[in-house]
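**Q** The residues making up each chain are set out below.
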Amino acid sequence: MDGQARNRDVASRRSFLGAVTGTAVEAPKTAPAGPGVAGIGSNVLAPPFAVYVLNRLGYGPRKGSPFSVESFNALGANDVARLTAFVDQQLAPTLDGSGNVTDPDVASRLAHPDFVTLNKTFTQLWTDHEVNGQPSGGTFTRDWPIREVERAVFIRAFHSRWGLFEQVSDFWHNHFSIYGFDRYAAPTWVSWDRDVIRKNAFGNFRTMLQKTFEAPAMLYFLDNYINRAPSFNENYAREIIELHTLGAMNYLGANMQQSQVPTIPAGEPGAGWPTGYVDADVYELARAFTGWTFYRSGSTNTGLPYMEPTQHDIGQKTVLGQFAAANTPATSEHQLFLDRLAYHPGTARHIATKLARRFLGENPPQAAVDAAADTFWQNRTQPDQIKRTLRTLLLHDAGAGSFRDIGNFGNKIKKPFEVVVSALRALDVNFIVRRNDAESNSFMDRFARSGHRPFDWRPPNGFPETTNYWMGSGQFVHAWRTIDWTLDENTSAGQGDPLTPLLTITLNEFSSSPADHTANKLADFWLSRVFQWVPDQTNGWRGTSLHVAVRDFMRRNTDTVSTFGADVGIGNGPTGNTAGIGTDGSPNYWYSRLRGMVNCILFSPQFMVR
Amino acid sequence: MGNLTRRAFLKGSTICLTALGGMQLGLRARPAHAEAGSSSSAGGNFFVYIYLRGGIDGLNMVCPFDGPDRAAYEQQRPNIHLRTTGTTAALRLGSSNYGLHFAATGLHQLYGQGRLAIVHGTGFPVAQITRSHFDAQDYMEHGTPGSNSIGSGWLARHLATSGQVPDAAMIPALAVGANAPASLLGRRDVMNLDDANSFHPNSNNGNVDGVPRYKLSTTITMRELYQGTGTLNQAGIGTVEAIELVDTLNIANYTPATGAVYPTSGVATTLANQAKLIANIAKRRIGLQVATMDYGGWDTHENQGDGTQGDLNQNQYGARLAGLSQVLTALYNDLNADGLARNMVVVVHSEFGRRVRENANRGTDHGSGNPMLVLGGRVAGGQLYGTFGGLNAGQLFQNEDVATTTDFRRVLSEVVTAHLGNNALSSVFPGYSYPGRLGLLPSDQIFKHGFEAA
Numbered sequence: 001m002d003g004q005a006r007n008r009d010v011a012s013r014r015s016f017l018g019a020v021t022g023t024a025v026e027a028p029k030t031a032p033a034g035p036g037v038a039g040i041g042s043n044v045l046a047p048p049f050a051v052y053v054l055n056r057l058g059y060g061p062r063k064g065s066p067f068s069v070e071s072f073n074a075l076g077a078n079d080v081a082r083l084t085a086f087v088d089q090q091l092a093p094t095l096d097g098s099g100n101v102t103d104p105d106v107a108s109r110l111a112h113p114d115f116v117t118l119n120k121t122f123t124q125l126w127t128d129h130e131v132n133g134q135p136s137g138g139t140f141t142r143d144w145p146i147r148e149v150e151r152a153v154f155i156r157a158f159h160s161r162w163g164l165f166e167q168v169s170d171f172w173h174n175h176f177s178i179y180g181f182d183r184y185a186a187p188t189w190v191s192w193d194r195d196v197i198r199k200n201a202f203g204n205f206r207t208m209l210q211k212t213f214e215a216p217a218m219l220y221f222l223d224n225y226i227n228r229a230p231s232f233n234e235n236y237a238r239e240i241i242e243l244h245t246l247g248a249m250n251y252l253g254a255n256m257q258q259s260q261v262p263t264i265p266a267g268e269p270g271a272g273w274p275t276g277y278v279d280a281d282v283y284e285l286a287r288a289f290t291g292w293t294f295y296r297s298g299s300t301n302t303g304l305p306y307m308e309p310t311q312h313d314i315g316q317k318t319v320l321g322q323f324a325a326a327n328t329p330a331t332s333e334h335q336l337f338l339d340r341l342a343y344h345p346g347t348a349r350h351i352a353t354k355l356a357r358r359f360l361g362e363n364p365p366q367a368a369v370d371a372a373a374d375t376f377w378q379n380r381t382q383p384d385q386i387k388r389t390l391r392t393l394l395l396h397d398a399g400a401g402s403f404r405d406i407g408n409f410g411n412k413i414k415k416p417f418e419v420v421v422s423a424l425r426a427l428d429v430n431f432i433v434r435r436n437d438a439e440s441n442s443f444m445d446r447f448a449r450s451g452h453r454p455f456d457w458r459p460p461n462g463f464p465e466t467t468n469y470w471m472g473s474g475q476f477v478h479a480w481r482t483i484d485w486t487l488d489e490n491t492s493a494g495q496g497d498p499l500t501p502l503l504t505i506t507l508n509e510f511s512s513s514p515a516d517h518t519a520n521k522l523a524d525f526w527l528s529r530v531f532q533w534v535p536d537q538t539n540g541w542r543g544t545s546l547h548v549a550v551r552d553f554m555r556r557n558t559d560t561v562s563t564f565g566a567d568v569g570i571g572n573g574p575t576g577n578t579a580g581i582g583t584d585g586s587p588n589y590w591y592s593r594l595r596g597m598v599n600c601i602l603f604s605p606q607f608m609v610r
Numbered sequence: 001m002g003n004l005t006r007r008a009f010l011k012g013s014t015i016c017l018t019a020l021g022g023m024q025l026g027l028r029a030r031p032a033h034a035e036a037g038s039s040s041s042a043g044g045n046f047f048v049y050i051y052l053r054g055g056i057d058g059l060n061m062v063c064p065f066d067g068p069d070r071a072a073y074e075q076q077r078p079n080i081h082l083r084t085t086g087t088t089a090a091l092r093l094g095s096s097n098y099g100l101h102f103a104a105t106g107l108h109q110l111y112g113q114g115r116l117a118i119v120h121g122t123g124f125p126v127a128q129i130t131r132s133h134f135d136a137q138d139y140m141e142h143g144t145p146g147s148n149s150i151g152s153g154w155l156a157r158h159l160a161t162s163g164q165v166p167d168a169a170m171i172p173a174l175a176v177g178a179n180a181p182a183s184l185l186g187r188r189d190v191m192n193l194d195d196a197n198s199f200h201p202n203s204n205n206g207n208v209d210g211v212p213r214y215k216l217s218t219t220i221t222m223r224e225l226y227q228g229t230g231t232l233n234q235a236g237i238g239t240v241e242a243i244e245l246v247d248t249l250n251i252a253n254y255t256p257a258t259g260a261v262y263p264t265s266g267v268a269t270t271l272a273n274q275a276k277l278i279a280n281i282a283k284r285r286i287g288l289q290v291a292t293m294d295y296g297g298w299d300t301h302e303n304q305g306d307g308t309q310g311d312l313n314q315n316q317y318g319a320r321l322a323g324l325s326q327v328l329t330a331l332y333n334d335l336n337a338d339g340l341a342r343n344m345v346v347v348v349h350s351e352f353g354r355r356v357r358e359n360a361n362r363g364t365d366h367g368s369g370n371p372m373l374v375l376g377g378r379v380a381g382g383q384l385y386g387t388f389g390g391l392n393a394g395q396l397f398q399n400e401d402v403a404t405t406t407d408f409r410r411v412l413s414e415v416v417t418a419h420l421g422n423n424a425l426s427s428v429f430p431g432y433s434y435p436g437r438l439g440l441l442p443s444d445q446i447f448k449h450g451f452e453a454a
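Keeping their order, the protein sequence lines are chains A and B. Number 610 marks the last residue of the first sequence (the numbering used here); no jumps. Number 454 marks the last residue of the second sequence (the numbering used here); no jumps.
The set of hints was computed from the structure by calculation and includes no laboratory data. It cannot be assumed that every hint is accurate.
Said to hold, decoys possible - Cβ-to-Cβ under 10 Å is the rule here; a few derived chain B residues that face chain A:
| id | residue |
| --- | --- |
| 1 | 129 |
| 2 | 302 |
| 3 | 432 |
Stated by the list, open to error - Heads up, incomplete: computed chain B residues facing chain A, CB under 10 Å, no partners named:
| id | residue |
| --- | --- |
| 4 | 87 |
| 5 | 218 |
| 6 | 243 |
As the list claims (entries may be wrong) - Sample of chain A residues with no beta-carbon within 10 Å of chain B, all distances over it, derived:
| id | residue |
| --- | --- |
| 7 | 73 |
| 8 | 106 |
| 9 | 127 |
| 10 | 299 |
| 11 | 339 |
| 12 | 381 |
| 13 | 399 |
| 14 | 491 |
| 15 | 498 |
| 16 | 505 |
| 17 | 529 |
Just so it is clear, CB atoms sit at the ideal spot from N, CA and C, and this is done for glycine as well.
From just these sequences and the hints, can you work out the full model?
**A** Rendered as structure tokens:
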């Protein structure tokens, strides 16, 4: 890959570094590659447990916040005790009187005139943004709810102390994925996000399923609003089984009939029920859903769901072994079938597997999945079913690959949203991404090119969870470019100037003395600041290849040929270098260079994994 | 554009080569393919894989125009069937009993010119038929019906086993869009590019001498940071190379050939830009082997467009298909003008066809058998291949779908062997017993005018 000249150069830097530190730096530990959880980056160092947990269960540490390394470490005497206390704390977020999660750090930032829809009820949203969302000659407000929520998710992720709740909400948004700018999704998105997803994210799955079943956004997105007897539209029925409940893992294929499906043996969860589903179950369910639509015109333009009896197939049906006689009232029939779907042990396995892949790794230990599936199934009628399931999954010890295994670190890549959010958290950026200002739009336009704009996923299966999917050059470049923009941006929209307080942090937390502003020290300081840990208590990040690369960026002059002394303070002489770290003039552009150096840290493999 | 030799390429580079020894381009072992002095018409062969996500209603792309299936077709699709007369009449394919959708005028022309072939009734072996979008796409793109556990895509395995992938290839694989598809899974030298503009992390920065400050310095450091053997390291290096190639080759600057009219508005605008990027890179003759792009929106469960609906603003299926037709025509013309049409084979593929019977909403639900389109200068086009299973009683799969009569792997295998010159089918499609060519491509092997020794 590299030319010989470069290799020599690296070698000489290493000798040089050795001379500077004067100590033999212990070879850094690399993340162990256990069975099925091999790290994806070969030079990634294993961090302390707290850093792993905060990156897995949230969007990375934010120094000084309740979701930080110091807060985590204050929770107990050892890793297991701290993890247990942390999980229990995260699973019990503070709630308001309506059961919505509260967080003063988020609320204060959302209290801005650009967020006018977040507190509206479903009915208000429907009236203001669906019925009256595009008045002729008036302001087009139909998409305000989606545009406010897609930005609010950034603010929540930037600032929330309930990182796990935000991650789990994101999980359910993808599980019940709807394209956010869809016809009836856009004007009702605030309610979809708040009343359907977030209200139930730690709650009961059956309840959440019911709420999705009643949401006009879902009924429209998957075409059930026009699913009419006698010739049904199977789209929603298929996806509610394949994606929302049993999952394709329990699909027995197009060539098997209901009568050929084996039943679950006695003594096991769901005994006597079919082990999985076939196409006939989809068709029967589609018939049950015929006529299930929502009010969207005339004097009953409310957005509420209802059954249109003239379009409903009243014949008998059997879905997954659940029989409904002819003329069963539709509400009862729906309840029977949705109960069967939600309570089928295949659904428990499907949800547990997806959660495990989200939080543990792509090949989670089967014992951990089974334990979570069992909790899910045993608690299927409990109001805190999902909370209990998460607790089992995160605290279960099934050996290697369990959540508590630090060996998992590095087996997942950060998705673009996670890359950008964790970067801005690491830099203590206080950017309020809003519906309606130029800066926010610049940010979103750049981020959208990463392919991970929130709720901008058209098929109903949600953004992929697999690491392989997220390793494309386009995804990397546009996540990085969004970060770079945030580091460079001086805003004029009352968002703080500059957007990223890089210089302030350097001067306040590190040193304001030019003598300290050497490439070696700046690199070490910022690596520690970004990652919130050091590989070596004495030498910090010095001695790592990451430090060398980042330090060398800081040394490298704009001609890319000559270098500045690694231990010479910027603004501290020699002649010609009296301009300080905060100046940005030719030829050294120190301030740009500092931003570029921090960029390199944030673009590094160490930062890209979690 | 003329031949671009490596020497000229490097000389034209804006980067300070003296200082860096040229290695930052990652080209040390990668002389451009054209260095061997090939004539402009003899670049390497390449393959373009267009995936129509959502399951295109193939029966309304290629319909029974007359003959024994016509009556059943009209009866099963009372509203949406394509007509045979009037302004929305289907376009008859030669003297066959089949017609193309009226909006696919460009494809009809290519068929008439003998460049477009159509394979009827492709899909999975019966035992592996699935009506799940996600399973079907996954199995197809992995190239392993009924399974996705192999962990790599069929195109990636082709690249891995093709003795013909030259080291020289600067961009052997190109995935246009926000992400690379599963067919390229496992391949780390795929350039994944959504748009050549602003494809650099430092493109927001202030300039020094017209170049973003620290742009080059950043990529130098990134190369150091991503040294290593992990998949992430490879992806990172691949990203740096993509950034550098886009920049150095000035990919953002491209003018299609006269006569290559890519749509600039409508549903296919993005597809057009993606195809343009493929043409752009193919025409630079820098070793392109495979390129992929996606075109979604085919899950037409409702109001897909009636057979009489000639206003494409009201006919979503027709508009989308018209876009596909325009883009394929433009892509073909673009390459043909540059003497490269014979080096290209395009396959248009989708996860499944749709049910024969239209649903209550003048749409169609998930089915199975579906046509595949094969386009290229060497394609024995103007013909229908495979067998149309028929629409009459007893002929449909499960009384619902067009029967699957040709394994999709057979079509792809012919492209892999007869166009890309790779005979390692047991690696590309493990477990598949290739029954031999359909005759889509000439039987003469391509080695002579394919890739010269690098």
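**Q** Are any of the numbered hints broken by this structure? If so, which, sorted upward?
**A** Of the numbered hints, 3, 4 do not hold.
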